[in-house]
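Engineer: Spelled out, the chains give:
There are 2 protein chains.
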Amino acid sequence: MSPNSIYGYAGKILWLDLTKREAKKLELSREMARDYIGARGFGIKILWDNMKKGTDPLSPESLLVVSVGPLAGTSSQSASRWFVVFKSPLTGTYFRSVGGGYFGAEMKFAGYDAIVVSGRAEKPTYVWIKDDNVEFRDATRAWGLTTNMTTELLKEETDKSARLITIGPAGERLVKISSIQSDDQRSAGRGGGGAVLGAKNLKAIVVKGSKMPKLFDEERFREAVKEEIQTYQKSPALEGFRALGTAGVVDLFYSLGHNPSFNFMQREFNGIDNYKADVFPRYIIKRGGCYGCMISCWQFLKTTDGPYAGFFWDKPEYEALWSFGSNLGNANLEAVMQANMLCDKYGLDVISVGSAIGMAYELYEKGILTRKETDGMELRWGDPEPALEIIRKIALREGIGRILGEGTKRAAEIIGRGAEKYAIQIKGLELPAYDPRAAKAHGLSLVTSNIGASHNMGWNYFEITGVPKDGKQVDPLSIEGKGELTKYVQDETAMYEVAGKCTFPADFVMFTRENLAKLLYYATGIEEFKNPDYLMLVGERVYNLERAFNVREGFGREHDTIPERFVKEPFPRTPAKGQVFELDKLLDDYYKARGWDLKTGKPTKAKLESLGLNDVAKEINAE
Amino acid sequence: MSPNSIYGYAGKILWLDLTKREAKKLELSREMARDYIGARGFGIKILWDNMKKGTDPLSPESLLVVSVGPLAGTSSQSASRWFVVFKSPLTGTYFRSVGGGYFGAEMKFAGYDAIVVSGRAEKPTYVWIKDDNVEFRDATRAWGLTTNMTTELLKEETDKSARLITIGPAGERLVKISSIQSDDQRSAGRGGGGAVLGAKNLKAIVVKGSKMPKLFDEERFREAVKEEIQTYQKSPALEGFRALGTAGVVDLFYSLGHNPSFNFMQREFNGIDNYKADVFPRYIIKRGGCYGCMISCWQFLKTTDGPYAGFFWDKPEYEALWSFGSNLGNANLEAVMQANMLCDKYGLDVISVGSAIGMAYELYEKGILTRKETDGMELRWGDPEPALEIIRKIALREGIGRILGEGTKRAAEIIGRGAEKYAIQIKGLELPAYDPRAAKAHGLSLVTSNIGASHNMGWNYFEITGVPKDGKQVDPLSIEGKGELTKYVQDETAMYEVAGKCTFPADFVMFTRENLAKLLYYATGIEEFKNPDYLMLVGERVYNLERAFNVREGFGREHDTIPERFVKEPFPRTPAKGQVFELDKLLDDYYKARGWDLKTGKPTKAKLESLGLNDVAKEINAE
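Protein chains in written order, with our numbering: chain A, 1 to 623; chain B, 1 to 623.
Treat each hint with caution, since some may be false.
Identical copies carry no separate label here, and so any pair may be met within one copy or between two of them.
List time: in silico DSSO-like cross-link candidates among lysine-lysine, alpha-carbon distance up to 30 angstroms [to be verified]:
hint, residue 1, residue 2
1, K592, K123
2, K211, K160
3, K286, K20
4, K12, K421
5, K211, K155
Please keep in mind that the hints were generated in silico from the structure rather than gathered at the bench.
Based on the provided sequences and hints, a complete structural model is requested.
Structural biologist: Next up, the structure:
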């Protein structure tokens with residue numbers, strides 16, 4: 001190893017300046033590794049240090065960080081996620097989006113813990129990284145192609161076994177709800193990362209690496225992985241996850257008050273049986289999984305008849321099964337499969353797209369949108385055909401798609417006439433498939449999340465799957481203690497994500513903090529990592545730094561809010577009948593638990609300093 | 001080499017019995033090699049010897065032969081085509097369809113000159129051939145998939161570098177105008193070969209080979225190839241072909257009276273400028289070519305906007321640019337690209353599909369079809385949208401597609417009410433993009449072709465591209481000497497095709513017969529091949545044997561006919577204004593040239609015996 005290198009890490013941050021077509025390799029400092037661990041931690045640290053307040057996310061000055069954790073490319077399980085961290089053109093906040101598959105490990109093999117994308121290329125460009133060699137290449141040929149066709153073309157131009165992340169036609173057109181997709185069709189879907197790359201004229205990052213990460217204590221590391229695998233194997237969720245991934249819970253979650261129907265109006269949805277777990281197996285023709293993950297939760301579904309016949313594609317995850325399913329009152333699973341595929345191909349976020357379409361359907365029902373504004377389409381609950389056409393229109397910025405592609409918040413403002421009420425979003429990010437009225441801490445997590453209503457940045461498994469907290473069952477409808485509970489899950493998610501871990505196993509309690517400490521210590525040799533409490537502290541540190549980024553951008557308590565539907569319209573069906581979301585009480589409780597100012601929602605000086613963020617406290621004038 | 005092997009040949013015929021799941025390897029006899037050379041020659045010889053009169057093409061008893069020539073897999077140019085020979089469910093005649101790409105060479109490398117498919121598998125099956133090893137494998141997973149998705153799946157299941165031919169959803173559903181597609185999207189499009197395989201429950205043949213063919217005199221063979229390449233290089237057509245392939249001639253051929261507009265009504269077509277050669281380059285993002293062909297006439301076109309945005313695909317060839325273009329009065333090139341892609345994916349013949357749709361458009365204009373029968377669609381000339389939907393319906397046998405997928409002849413019979421008049425077909429095979437009224441020998445070739453109105457089995461380059469015959473220009477509108485000229489081109493095509501050669505270079509006179517003789521002799525050492533006249537004799541022999549097959553099936557002069565449009569409706573525009581097709585005169589002239597009976601159209605005993613087909617003469621009671 002070189003004198004500066006650190007076990008477990010690749011040791012380099014690759015800084016791409018698209019304007020100058022320059023690639024710099026910066027040494028990763030031991031301090032940064034210790035304080036932020038990696039992945040989501042590196043993302044916010046680089047963003048905080050290098051991106052000025054008020055930067056337009058679509059300007060050359062904005063940055064987008066792709067980062068992995070110190071366990072990426074190792075045999076540690078579900079640990080090679082690639083994180084994308086940027087300021088979102090959709091929300092104006094800090095943002096982190098994350099994808100799986102093989103890109104993360106490949107990036108590590110090529111020798112990089114993070115890739116920072118800056119500047120703006122004059123013309124469509126892609127970056128081809130083969131170990132130390134970095135080329136800025138003309139992407140004119142690939143520009144305009146769907147993500148899968150881009151993959152085909154760019155692998156031909158580089159190396160068939162290379163891995164890549166790319167944007168689709170939507171990102172090129174700066175659609176605010178555009179995604180970044182990997183060659184294996186994993187999505188960093190949320191927040192409009194596709195548009196950030198599109199604005200930089202960067203079509204794709206293609207990577208091929210040959211260096212295995214060096215570990216501090218290989219033998220003990222292997223032992224820790226063995227222990228990790230045993231924990232997975234003991235989990236009652238393992239087999240279900242393997243069989244169907246997140247698609248296995250659609251009707252169950254509906255019965256819990258989630259998988260919210262009809263744009264969160266939560267009317268009874270008669271089609272729910274078409275999404276039962278036993279419906280899927282007949283479609284499955286192939287399985288797969290991410291690098292280094294024994295769960296292997298990918299299934300590929302085949303459609304053989306009707307309008308969508310002839311393809312196989314990754315199954316829609318729970319969120320897409322909702323956003324194009326019960327959210328639209330649509331009982332046609334095959335149409336959902338089609339919608340999901342179109343979003344992947346065009347490079348669109350399935351949650352935000354489905355939500356925007358759900359809003360349009362409700363606005364149409366209420367007469368706020370008419371056929372004049374829907375390009376002649378009738379938007380009737382249960383009819384998926386217009387939804388499929390709208391997906392294309394969103395991707396290509398045509399007609400009504402031009403408006404809906406701005407996200408529900410901005411789209412509703414453009415439409416006016418009271419449409420805002422039906423935009424189901426927080427800080428501009430569309431809600432995922434959980435109803436805050438039916439799970440209060442989960443709702444609180446959506447309200448306060450640093451990126452807006454995230455589907456996986458603080459997923460409250462105590463409320464959703466009924467895992468006991470300190471031996472006691474948590475009542476999802478109660479508001480008691482929910483501030484602390486929310487903070488706990490948010491920080492814990494952050495902890496796992498600085499290590500580059502996947503949230504699915506975390507959500508189903510397949511990780512233990514003690515095991516994570518072993519993995520990180522034996523991988524890196526960094527003494528602090530031995531202590532599980534230190535890891536949780538880093539989680540909290542990262543969470544607060546993200547919050548500070550938002551504070552610097554002008555966000556405060558007034559933005560930790562929720563659409564009035566959840567506050568004013570009682571939940572209409574079992575099991576949460578009559579429930580509303582008690583916003584203010586929950587928020588007070590949360591800020592207290594966080595050690596943040598109750599009035600402004602700003603982290604206090606004391607809190608930040610306790611996390612070693614003294615400079616940060618100064619910069620945001622924390623008191 | 002084994003004692004039985006013959007230079008140049010793989011030496012084996014692989015006989016697949018799907019019913020018994022048995023693969024037999026038969027030795028290729030020296031006699032068969034000498035008398036039929038290969039490819040198209042082997043196809044008809046095997047069919048004639050082994051397929052009983054009156055066999056239902058979709059029964060287990062029917063055979064389908066995939067064959068290559070002795071030059072396949074060598075460095076001889078454009079010589080690795082794979083031929084598919086069978087009795088057509090569309091026409092009831094002998095049929096040969098042919099594709100390019102890499103499958104033909106791979107089949108030779110695996111050790112087979114021909115693969116005979118017989119029987120019927122109990123359930124969806126594919127055959128995986130790795131050199132000597134042949135496996136019958138379950139194709140349940142691939143069943144229902146488009147051809148491109150099948151390729152993806154089956155390469156994963158076998159070998160990423162394997163080559164394959166497959167059917168799509170159309171072939172599975174026994175659509176009469178379904179194709180067979182290769183992994184590199186070359187089509188054996190015509191005659192319903194897809195349905196023949198579909199009826200056998202055979203989804204695909206996947207091949208991987210490792211044996212280079214052994215040649216008789218490698219050094220002299222290389223010299224002959226060098227000479228061949230020089231002929232290519234001297235051809236004025238080479239660069240144009242390389243640049244655009246068959247897409248370069250669309251507007252030129254229109255000006256010659258071809259690329260017939262509006263289902264051969266030949267009204268002025270204002271959109272023709274959208275198909276000019278200079279329109280294509282802006283779409284091209286990739287090029288390619290078949291194994292061992294210096295022309296490399298493949299281009300891949302990209303669409304970046306509008307309803308079909310985001311893909312690249314092989315360019316439509318001349319015929320598809322017609323069948324979905326001027327044939328439908330459609331000026332939207334991108335819609336043609338889409339239609340072409342859909343046909344490739346579903347496994348459909350672009351000519352027959354476009355022609356069936358053209359007929360439907362004309363029937364709709366004439367009020368013979370109404371919206372009740374078109375599933376509510378308005379079929380208006382120039383509007384490609386219904387055409388795209390009909391393609392899907394044909395593939396999946398839905399609504400009007402169920403009827404049109406039978407081919408124009410049968411579809412018109414089903415529709416009745418005088419529709420037959422608008423079915424532009426000969427012996428049930430839809431006409432390609434040439435108007436018999438504007439090129440009489442070419443028309444005569446369509447009328448008399450052994451497979452029906454073929455686009456490439458006797459392409460009269462003297463008439464179409466103006467190559468002089470024996471130093472004299474041929475007037476396409478004259479009928480004089482056209483019997484002899486037609487025979488000449490048909491036999492010549494057969495000669496090149498028994499060698500496995502591509503018809504494109506043949507049509508543009510890039511081959512010479514003398515060079516072919518050298519190639520075949522130095523490859524195989526078979527003395528007879530030294531003599532160019534012998535090769536032409538084999539061409540004629542094969543042509544007559546194909547004819548005999550049809551005679552045995554009950555075909556005669558009455559089937560060598562043409563739709564009344566060409567006989568009764570004078571050609572309306574330049575350069576063939578006022579012309580009709582003089583069927584009877586031309587036919588008499590042709591039979592005379594052929595040495596066939598004028599009344600029955602049957603080859604005479606004398607003719608057959610002069611070709612060494614004494615047994616054949618006996619079997620069809622030739623006089």
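Engineer: Should K12 paired with K421 be assigned to within, between, both, or neither, using CA atoms and 30 angstroms as the limit?
Structural biologist: neither (47 angstroms within a copy, 74 angstroms between copies)
Engineer: Classify it for me, K211 with K155: is the Cα-Cα distance of at most 30 angstroms met within a copy, between copies, both or neither?
Structural biologist: both (20 angstroms within a copy, 28 angstroms between copies)
Engineer: Evaluate K286 and K20 at a C-alpha cut-off of 30 angstroms and name the case that applies: within, between, both or neither.
Structural biologist: between (44 angstroms within a copy, 28 angstroms between copies)
Engineer: For the identical chains here, do K592 and K123 meet the 30 angstroms Cα criterion within one copy, between copies, both, or neither?
Structural biologist: neither (49 angstroms within a copy, 66 angstroms between copies)
Engineer: At most 30 angstroms between alpha carbons: which applies to K211 and K160, within, between, both or neither?
Structural biologist: both (18 angstroms within a copy, 25 angstroms between copies)
Figure legend: structure checked against the earlier numbered hints; hints not met, in rising order: 1 and 4.
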